[in-house]
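Student: Those protein sequences? They're chains X and L, same order as listed.
Going by the working numbering, the first sequence opens with residue 1, and the numbers climb by one from there.
Going by the working numbering, the second sequence opens with residue 1, and the numbers climb by one from there.
Please keep in mind that the hints were generated in silico from the structure rather than gathered at the bench.
It is possible that some hints are incorrect.
[Unchecked claim] Far from chain L by the CB rule (all over 12 angstroms, computed), these chain X residues:
(1) ALA68
(2) THR150
(3) ALA209
[Claimed, not checked] Label-pair ranges, simulated between beta-carbon atoms:
(4) L:ASP59 x X:ARG184: 42 to 52 angstroms
(5) L:LEU110 x X:ALA25: 36 to 46 angstroms
(6) X:MET179 x L:LEU89: 32 to 42 angstroms
(7) L:ASP58 x X:GLY121: 48 to 58 angstroms
(8) X:MET1 x L:PRO196: 34 to 44 angstroms
(9) L:ASP125 x X:GLY149: 45 to 55 angstroms
(10) L:PRO41 x X:GLY149: 21 to 31 angstroms
(11) X:ALA209 x L:PRO196: 25 to 35 angstroms
No experiment lies behind these values; they were computed from the predicted model shown.
All residues carry an ideal CB built from backbone N, CA and C; glycine is no exception.
There are 2 protein chains.
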Amino acid sequence: MKLYSYWRSTTSYRVRVALHLKGLAFDTIPVDLVAGAQRAPEYIARNPIKGVPTLELDDGTVLTQSLAILEYLDHIAPEPALLPDDPVLRAKVQAAAQIIAMDIHPVNNLKVVSRLKSEHGLSADEGTEWIRHWMSEGFHAYQALLPQGTTYSFSDTPLLCDICLVAQLYNAHRWGVDMSPFARLLEIENHALKLPAFDAARPENQPDAS
Amino acid sequence: MKLYSYWRSTTSYRVRVALHLKGLAFDTIPVDLVAGAQRAPEYIARNPIKGVPTLELDDGTVLTQSLAILEYLDHIAPEPALLPDDPVLRAKVQAAAQIIAMDIHPVNNLKVVSRLKSEHGLSADEGTEWIRHWMSEGFHAYQALLPQGTTYSFSDTPLLCDICLVAQLYNAHRWGVDMSPFARLLEIENHALKLPAFDAARPENQPDAS
């Protein structure tokens, strides 16, 4: 498999973690978002929303959108499971993942913040404040959904939502979000980053890291 | 079941369609987003991200995030299926749904556009332009993912992505998006809105419509 990925992209990070957790071999094809490589016609033909990641299977099938890819990987390589079998618990894990994937990430995406600056006059500081605001709101909500007494968000092994969380926390540190209200989330991150699959997927361990 | 819903919310609309398609009875509890009812402490206790929809099951279990709720409903009431069994097709349907649910909806959400106006000085016209931009970008990408020759996006019965699309198109019409490049999407909408489940779920047919 080929993973079109950008080292700092949290959505690419999610898929890298899942591939490593499941022991699936893949080649990383870097897509330099800052240089605009996602807008090249040959890339758009694979991924028309002009984002990363894109996963190309060995038969040439192309999959887009990180959460769809994660569920696909969970189907073809069921162990370790990223989603519980119980429908209610599964929905709760997905809802937590979607707080990260819908309420935080899209609003803070590079293309969105760049447009706020280029078209609507936001300064660099205002852009940072925008990013911090949505992360803080989302982390409060995420933390409020968690049960007590588990190592990860809902379980003692990392699930879909933990993958999304840990990738987002990379961004939180990068942008200087005040993490003092989120001790539980930092504990989850601390556990996860000790696992080889998370460590291998970290932005700084990618071939295109700079 | 109780569905906490706002008539114009496209995420509430998604869940209403699924409940009607599957023939599941539910009571609508209106949450007036414009009046700020989603920020009342008793609502936040159910839905800490302060959004709609929220689905409360008969045993008191509370589920949040529309896509997680849709997959839950697909588990407890498998017919008609909202997702195909084949893992690749399933991932493609989910990816299309996620273009709507991640690349369009969150960026245009009421809370996001309100903050752009209140904190960052965007005028009403700039807010409308912002909304139209992301819808147009997302619809182009969505349309590019579709195969030829199906009544709905990927099939001859409506799936998860069609539900997300039809709800988003309501918003596109409301905000005056130029739909001339999106004939295929309008055909899908036209088919869907003839189905009783979609008609019953339309914003204007809700008890809190005004």
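Student: Is it correct that the beta-carbon of THR150 (chain X) has no partner in chain L closer than or equal to 12 angstroms?
Tutor: holds, 18 angstroms
Student: I want to verify a distance hint. Is the separation of the beta carbons of ASP58 (chain L) and GLY121 (chain X) within 48 to 58 angstroms?
Tutor: Check passed, 50 angstroms falls within 48 to 58 angstroms.
Student: In this structure, is the beta-carbon distance linking LEU110 (chain L) and ALA25 (chain X) contained in 36 to 46 angstroms?
Tutor: holds, 44 angstroms
Student: For the hint 45 to 55 angstroms, verify it against the beta carbon of ASP125 (chain L) and that of GLY149 (chain X).
Tutor: holds, 51 angstroms
Student: Mind checking the hinted window 34 to 44 angstroms against the Cβ distance between MET1 (chain X) and PRO196 (chain L)?
Tutor: The hint (34 to 44 angstroms, Cβ to Cβ) holds, given that MET1 (chain X) and PRO196 (chain L) are roughly 42 angstroms apart.
Student: With 21 to 31 angstroms as the target window, see if PRO41 (chain L) and GLY149 (chain X) comply at their CB atoms.
Tutor: holds, 25 angstroms
Student: Evaluate the condition: distance from the CB of ALA68 (chain X) to the nearest CB of chain L exceeds 12 angstroms.
Tutor: Non-interface label fails for ALA68 (chain X): nearest chain L Cβ at 4 angstroms, not farther than 12 angstroms.
Student: Is 25 to 35 angstroms respected by the C-beta to C-beta distance linking ALA209 (chain X) and PRO196 (chain L)?
Tutor: Violated - the Cβ-Cβ distance for ALA209 (chain X) and PRO196 (chain L), about 54 angstroms, lies outside 25 to 35 angstroms.
Student: Between ASP59 (chain L) and ARG184 (chain X), is the Cβ distance one that fits in 42 to 52 angstroms?
Tutor: violated, 26 angstroms
Student: Verify that the Cβ of ALA209 (chain X) lies farther than 12 angstroms from every Cβ atom of chain L, and report whether the claim holds or is violated.
Tutor: holds, 25 angstroms
Student: Is the distance from the Cβ of MET179 (chain X) to the Cβ of LEU89 (chain L) consistent with 32 to 42 angstroms?
Tutor: holds, 40 angstroms
Of the numbered hints stated above, those contradicted by the structure are hints 1, 4, 11, listed in ascending order.
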